[in-house]
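Top line first, the protein sequences correspond to chains A and B.
Counting from 1, one number per residue, gives the positions in the first sequence under the working numbering.
Counting from 1, one number per residue, gives the positions in the second sequence under the working numbering.
Since the hints were derived computationally from the structure, they do not count as laboratory data.
Wrong hints could be hidden among the right ones.
[Stated by the list, open to error] Simulated DEER-style distance windows between Cβ atoms:
1. 206/A - 21/B: 17 to 27 Å
2. 260/A - 187/B: 52 to 62 Å
3. 53/A - 212/B: 42 to 52 Å
4. 71/A - 117/B: 47 to 57 Å
5. 68/B - 310/A: 52 to 62 Å
6. 76/B - 224/A: 51 to 61 Å
7. 113/A - 161/B: 38 to 48 Å
8. 151/A - 15/B: 28 to 38 Å
9. 303/A - 15/B: 45 to 55 Å
Glycine included, C-beta positions come from ideal geometry on N, C-alpha and C.
If you want the building blocks of each chain, they are given just below.
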Amino acid sequence: MAKGLGRKALPWLFLAPMLALIALSWIAPLFLTVYLGFTDLSIKNFLAFIRNFFTEKVHITIDNFRRVFMGGDPYISEVFKVTLLYVGSVLLINAGYSLLLSISIAYLVRNEILSMILRVSWLIPRITPGIIYALIWNWFIDPKYGLLNPMLSAIGVPKAWLPSSWLLDKPYSQILMIVVNGYIGASFGMIVYTAAIKSIPPDLINAALVDGASDFQVARNVIIPLLKWPMLFVTAWQTLSLLASYDVILMIWGSGGGGGYAGIARAAGVMVWSLYSYSKAFSEYMYGYASAISLVLVVIGIVLIIVYFKLFGFRRLMEPSRVEV
Amino acid sequence: MARAKGSLRRRFLRAKLAAVIKYLVVVVVAVVPLFPIWSMIAWLLIQSFSGRVILGLIPSSLTINNWRFLWSPIKMGLKEYPNIWPITFNTLLLALGVSGLVVLVSTMSGYALSRMEFRGRTALMEFIIALHAFPSVILLIALFVILNKLGLYGKGYMTLLGIVLIKAGLEIPMASWIIKGFFDSIPWDLEWAALVDGCSRWRAWRSVIVPLVLPGIGAISIFSFLAGWSEFLLVFTYVKDEAYYTLPVLIYHMIGEFKFIDWGMLAALGLFFTIPTLIFFSTSQKLLLRIYVGGVKR
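With the rest of the complex left out, here is chain A (with noise of 0.2 Å):
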């Protein structure tokens, strides 16, 4: 009897410490965020809802998502407009472009050690930690001693065109925020297409081949009709990852501009959703407002995922590049 016991608590034993420390980094926040959204809680009631959950400084209330849906904050119109394009701006570079960047790399590109060299370099800007993925640009981009200006300037781009910042002057700045995104992401969408590329029966496309098929009729008809599902599960998981990431952006704008990332990052136009929630959290202290903010995009990742597991399944989930012949 207790060894029936025994056998039955044993996995849980195994998985207490995970559970533990999940409850902690997941769980709590999750609910916390869904509460502290109905809350009005800024710095003014902070240390009184700290000493006690449920003080009375601190009123529940739907004002937030008033000033969220119903045009209560002024500015919440410019930052969705700011997000739907940089959603949608590196979505095409991390769905569509790398899969040119694939094929061409599996596919196209013949030599091993060629193809080799390619693909770490393209992984080169995922591997490089956050920090320093933000001094290089900062260099890179600088117009006095980066590469950036004169490289244009190179290949033919007049000197008026090229802005006097890159990290201020606003198209300009949002074409950087698109541009180094879409660097860290296309190295996601060339992983997975490579591996299914590389997945891919060598005999269909040796048939095709045969047949006079020209490599990019192959590379048409052949490979990207058979990436349909990998190509889906990019652009589903992308989505996701790209509405809730800031980190980059923040990186970029709050130490190049040197100062306050929330005053640069507005003034840029690189405000996005999930910046403008950390930031009117922490250089606003307004924790409950920041939630509510937060909370939207709580709801839309909890809606993809369970799309996610309707659309792909869970075995799709795990191996993102299998291909279907």
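Got chain A; can you put chain B on it based on the hints?
Below, chain B alone, put in the same frame as chain A:
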């Protein structure tokens, strides 16, 4: 006959043209966009050892003055930055803490997920994958409240301890998943043999299975070490006392101050910080790439 020859030649030319276009596509799509990235890496290496550089890449003189932060305090006007070594120590502490905790916890849970039957096993695995998809950075505000509630905010090393716990918690779902994969690849029979010979489950785990998943454990520990080493947001948000900064946060603050006057030192500092990453990647790239494929969100 002549016509056949002509068409053969035409076909040969067309094939050649196709090959040229093919390589043109490769160069435009996959090589040209790498020039900025390559030049940035080259700059980091060159600038850190040279005085003035022309166009960022052509050094004019060799110097180790850029590395002076290693032996003398960094000053900017009247402001003196914290000494680099305690900051490096903090960073190391954070990285080791995260990696130790992640390894310990995820080998246990990975083993249970791979080998044990219990109710809710599938549901738990689905839950772990869902967590992996869920963007943790939007929980920072609530985590800030929790840190305050636990009394770990603004308490020096205790704050860093809180960050270790949080960071480990964020890394653990994926790490458990990866370790589970390694356990899955070990044949059941091996464990059976140990159990039949009278080992307890614990003993079998410790002396038969763990040695076999050592590569997996190595990969997890390196991966989570690097994740802790380069963690920025948590420390930036929760640590306000300069003495308890980690290197990424110090670099963040220094970029803004020094970007107009001393790129050399910034590059040297950046390279100094990247050393562990470089070491780990040059020694165990295959293992790490395998993990990076699944382990990183974007």
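Looking only at beta-carbon atoms, does the pair residue 260/A, residue 187/B fall within the given range of 52 to 62 Å?
The hint (52 to 62 Å, Cβ to Cβ) holds, given that residue 260/A and residue 187/B are roughly 57 Å apart.
Are residue 53/A and residue 212/B spaced within 42 to 52 Å by their CB atoms?
47 Å, holds
Beta-carbon spacing of residue 206/A to residue 21/B - inside the hinted bounds 17 to 27 Å or not:
21 Å, holds
Residue 15/B and residue 151/A - C-beta distance against the hinted 28 to 38 Å
Holds, since residue 151/A and residue 15/B (Cβ atoms, about 35 Å apart) stay within the stated range.
For the pair residue 68/B and residue 310/A, does the Cβ-Cβ distance stay inside 52 to 62 Å?
58 Å, holds
Supplied distance hint 38 to 48 Å, evaluated on CB atoms of residue 113/A and residue 161/B
Check passed, 46 Å falls within 38 to 48 Å.
Is the gap between the beta carbons of residue 71/A and residue 117/B within 47 to 57 Å?
55 Å, holds
51 to 61 Å was suggested as the range; check whether the CB atoms of residue 76/B and residue 224/A agree with it.
Holds, at about 54 Å.
Regarding residue 303/A and residue 15/B, is the given constraint of 45 to 55 Å on their beta-carbon distance met?
This hint holds: roughly 51 Å between Cβ atoms.
Consistency note: the structure conflicts with none of the earlier hints.
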